[in-house]
Amino acid sequence: MSFDVYLNVAVAGILTGLVYGLMALGLSVIFGVIRIVNFAHGEMMSIAMYIAVVLFTAFHLDPLIMLVPVAAVMFVFGYVLQAGLINPFITRPEHTQFLLLVALAIIIANTLLILFGPDARTVQTAYAYDSFQLGPVLIDASKAYAGIAAIAFAVALFAFLRFSLLGKAIRACADNYTGALVVGLNVNRLYALSFALGAACVGAAGSMMTLIVDVTPSIGPVYTLLAFVIVITGGLGSMAGALVGGILIGLTEAMAGLLFTPSAKSMFAFAILVLVLLFRPQGILGRRAS
Amino acid sequence: MTALLSLERVSKRFRGLVAVDGVSFAVPEGAIFAVIGPNGAGKTTLFNMIAGAMAPDAGTIAFAGEPIAGLTPDAVCRRGIARTFQLVRPFPALSVEDNVIVGALLHRRDVGAARERARELLRRFDLFDRRHRPASALTLPDRKRLEVVRALATEPKLLLLDEVVAGLRPTEVDRMVAVLRALNRETGLTILLIEHVMRAVMALAARVLVLDHGTAIAEGTPEAVVRDPAVVQSYLGAEAV
Amino acid sequence: MTASVIARLSEDVPHRTIILLGIVLAALLIAPWVVNDYLLTVLIVALYSAYTGQAWNIMMGFAGQLSLGNALYAGVGAYVAAFLFTKFGIGPWIGFLACAPAAAACGAIIGFLAFRFGVAGVYFAILTIAFAEFARIGFDHLAIVNASAGLFLPVQQYAHNDLWRLRGNPMMFYYVILVATVLAFILCRLLLRSRIGYFWLAIREDEQAARAAGIDTFRYKMYAVMISAAVTSFAGVFYAFFYNNLFPEQVFNIGRSIEMVLGPVIGGVGTLFGPILGAFVLNGLAETLNSAMSAAGLDLPGAKEVFYGLCLLLVILALPEGVWPPLARRLGIDKGMR
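Protein chains in written order, with my numbering: chain A, 18 to 307; chain B, 75 to 315; chain C, 258 to 595.
Take the hints with a grain of salt, since some may be wrong.
Some, not all, of what chain C presents toward chain A, calculated at C-beta under 10 Å [as the list claims (entries may be wrong)]: (1) R265; (2) L370; (3) I383; (4) E390; (5) D397; (6) S405; (7) R424; (8) L519; (9) P521; (10) V522; (11) L557; (12) E562; (13) Y565; (14) L569; (15) I573.
Hints are computed from structural coordinates only; laboratory data are not their basis.
Since the structure is predicted, the reported quantities are computational estimates derived from the model, not experimental observations.
Built from N, CA and C at the ideal position, the CB exists for glycine as well.
Throw the hints in and build the complete structure from the sequences for me.
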């Protein structure tokens with residue numbers, strides 16, 4: 018194989034990895050602030066994917082344009098979920114939280130199964146087979162748009178958390194829960210908002226994922242795991258880490274698929290996770306907890 | 075008397091900040107020895123180095139003639155040094171008795187024998203009638219005593235007490251002091267305590283080491299130490315002199 | 258020896274508890290003679306999850322280490338036993354002598370890496386998932402056990418039950434898994450009341466305080482993961498010989514690991530009866546939903562699972578400690594049963 022093939026696959030992997038990264042960013046925001054591990058993360062993404070698929074098949078609305086509305090719907094979903102169901106569980110033991118979110122994942126996946134059946138759904142855009150030529154590299158148009166949109170969305174979230182008053186309040190909550198209570202922040206509302214923001218990331222990522230993969234009701238667990246792997250690899254609590262982790266995992270999967278066999282690609286992602294946990298438990302960009 | 079515990083020029087730095095700076099002292103066998111000093115003097119760091127929670131950057135710590143610096147906390151405990159925590163941490167869901175049994179099992183294989191020993195200690199510390207309650211249901215003074223009992227159950231030669239009377243009412247302080255004195259007198263147990271409450275230090279300790287900004291500024295009997303100008307200055311500030 | 262074990266088992270147990278236990282055990286012994294074939298299979302599945310739940314409980318309920326990858330140990334047990342049987346004709350009981358150390362070794366590797374490097378809590382849980390997934394994909398490409406095409410045990414009509422080779426009718430399998438569940442229960446109780454059990458509980462409650470009390474926490478956590486893995490591996494042996502087919506996609510699936518966790522969490526983590534009760538509650542619930550749905554003509558795929566999820570939600574909302582602790586208090590048998 019020529020060097021160009023590797024380059025093409027690497028670029029495709031990096032672009033897919035950016036979308037992975039945005040999805041994982043949602044998990045990172047939720048865990049970073051609320052300290053809840055969202056075991057229903059992949060299922061939330063499949064909701065977003067189905068919304069995008071339905072909008073496309075019924076109204077021919079492009080998933081890239083629908084990215085913001087889908088994210089908005091998921092934002093509301095996340096807010097209601099945290100405020101209504103998860104909030105009483107934030108002080109409960111980890112295994113109880115785990116069970117809560119597993120129950121939620123079962124409900125979501127099977128509701129989708131009832132609504133849409135077991136068959137894979139897909140989006141066929143007009144530009145599905147377009148590509149750009151950039152020197153020796155041939156870039157898939159769908160992936161390029163998705164990657165750029167993922168970066169834009171992540172930057173918007175980053176700016177919100179960094180510069181807005183609400184964003185600062187959320188970061189204060191994440192740094193010091195008791196301190197946030199003492200200075201009079203409405204922690205429950207900020208938690209709901211954080212979960213909503215995490216869900217919005219998943220929503221945007223899910224919308225774009227329809228350009229890259231098919232959706233079935235049972236894809237949830239795979240993407241939940243993928244999000245864990247990315248977040249831990251990149252560094253929990255580090256926003257840039259989630260994106261870097263996403264790129265790294267996307268790249269690894271693509272190269273493993275090329276060099277070995279596509280069905281074994283996630284084995285390499287897990288191998289990276291194990292190595293990171295062992296030698297740099299705080300993640301690539303994470304800070305070591307004192 | 076031979077020294078049971080001796081520290082030679084022990085130092086610890088945190089990112090350039092010197093927490094403990096070349097501290098040396100020796101605790102004779104059978105003694106009650108106190109380390110006092112204002113907040114941030116390095117008492118807890120010193121304590122953690124002896125207990126194995128952190129390793130010193132320099133210096134040696136010897137227990138019964140053997141170096142122990144750098145050992146893990148459990149290894150230190152197995153050598154015969156038991157500790158309490160400043161913020162008490164009994165095993166919350168376990169009963170009072172089971173908390174102590176865990177300690178007593180360190181040098182016993184048999185649970186029955188450990189239970190015997192646990193009950194003996196619980197009687198001595200007035201916790202026997204509460205032995206079936208979960209530790210989380212105890213009051214703070216009771217939890218402090220439970221912590222001491224659990225440490226004693228590991229059959230230590232040296233007991234490290236980290237602010238064991240802080241937060242107690244004066245009558246409770248006196249009670250704890252009385253029990254510790256009796257224990258020291260009857261069993262010859264060596265005690266090293268870190269303490270803020272001068273009432274307890276004066277009543278218990280035969281010798282006192284004063285730390286300030288990580289260095290030892292005075293050592294002697296409690297009476298001598300509280301009259302030392304350097305000590306008064308470090309505690310009350312320069313104006314008081 | 259036997260007498261002293263029995264004495265230790267019944268120590269501190271009120272008469273009421275012994276009588277209740279006797280009734281439950283008698284009912285379980287008679288059950289296969291009064292239920293139909295379908296219900297017998299349901300009971301086998303329930304006992305299977307009671308067994309695996311108890312094994313998981315050793316790690317999480319006793320030693321406080323949240324494993325979400327126990328399917329790995331069952332899968333290793335299943336594959337090693339099936340491989341030895343199909344390739345060399347080695348029976349399951351001898352095979353188990355190889356399965357248990359193999360699973361314990363897997364547990365030891367995960368434990369060593371995690372506990373040495375301070376990987377704890379949620380991170381540990383995710384590490385266990387990662388290893389199980391790693392095994393799933395690995396076995397999917399392992400030609401010696403037929404990779405993703407699956408490993409099959411020869412099936413034929415058996416004139417009589419062959420207990421030594423685990424070939425026979427469901428009733429034999431029922432009694433095998435019943436005995437295994439009872440043995441696991443006895444093992445758990447003995448462990449919990451011994452030195453190792455006290456040390457595990459101390460580690461679960463507060464690891465730093467446990468170390469200060471002289472406990473070599475690394476060593477005892479290793480014991481927990483290895484014992485849990487070895488016990489779980491027998492479930493895999495049973496699975497292989499009961500179902501006669503193994504696919505990595507099914508055996509190592511994260512869903513299997515989650516099933517092993519659900520029973521004890523619903524029943525009561527860290528309790529002796531919780532995993533068993535939880536297994537029966539969950540399987541009973543699933544079967545009730547099954548028949549209710551088909552009676553109502555709602556054979557929609559997924560509908561049963563949605564209700565199942567809703568019921569799980571209700572249980573954790575209403576009974577945060579699980580079903581067993583409040584039930585034991587109601588029955589007045591919460592004393593001495595740990």
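Per-residue hint verdict: P521 of chain C, partner chain A, C-beta under 10 Å: 9 Å, holds
Next item in the hint list is V522 of chain C. Is there a CB on chain A closer than 10 Å to its CB? Holds: closest Cβ of chain A sits about 5 Å from V522 of chain C, inside 10 Å.
With chain A as the partner, please determine if S405 of chain C meets the hint condition of a C-beta pair closer than 10 Å. 8 Å, holds
Under 10 Å is the threshold here; is the Cβ of I383 of chain C close enough to any Cβ of chain A for the hint to stand? Holds, because the Cβ-Cβ distance from I383 of chain C to chain A comes to roughly 5 Å (cut-off 10 Å).
Quick check on the hint: L370 of chain C CB to chain A CB, less than 10 Å? Holds. Min distance 6 Å.
Can we keep the L519 of chain C interface hint, with Cβ of chain A closer than 10 Å? 7 Å, holds
The hint names R424 of chain C as touching chain A; please verify it with the least Cβ-Cβ distance against 10 Å. 34 Å, violated
Classify the hint on I573 of chain C as holds or violated, based on whether any CB of chain A lies nearer than 10 Å to its CB. 5 Å, holds
Would you check whether L557 of chain C satisfies its interface hint, that is, whether its CB is within less than 10 Å of any CB in chain A? 6 Å, holds
Answer holds if the nearest beta-carbon of chain A is closer than 10 Å to that of R265 of chain C; otherwise answer violated. Since the shortest Cβ distance to chain A is 29 Å, the answer is violated.
With a cut-off of 10 Å, does the beta carbon of L569 of chain C approach a beta carbon of chain A closely enough for the hint to hold? 4 Å, holds
Next item in the hint list is Y565 of chain C. Is there a CB on chain A closer than 10 Å to its CB? 6 Å, holds
When the structure is compared with the earlier hints, violations turn up for hints 1, 7 and for no others.
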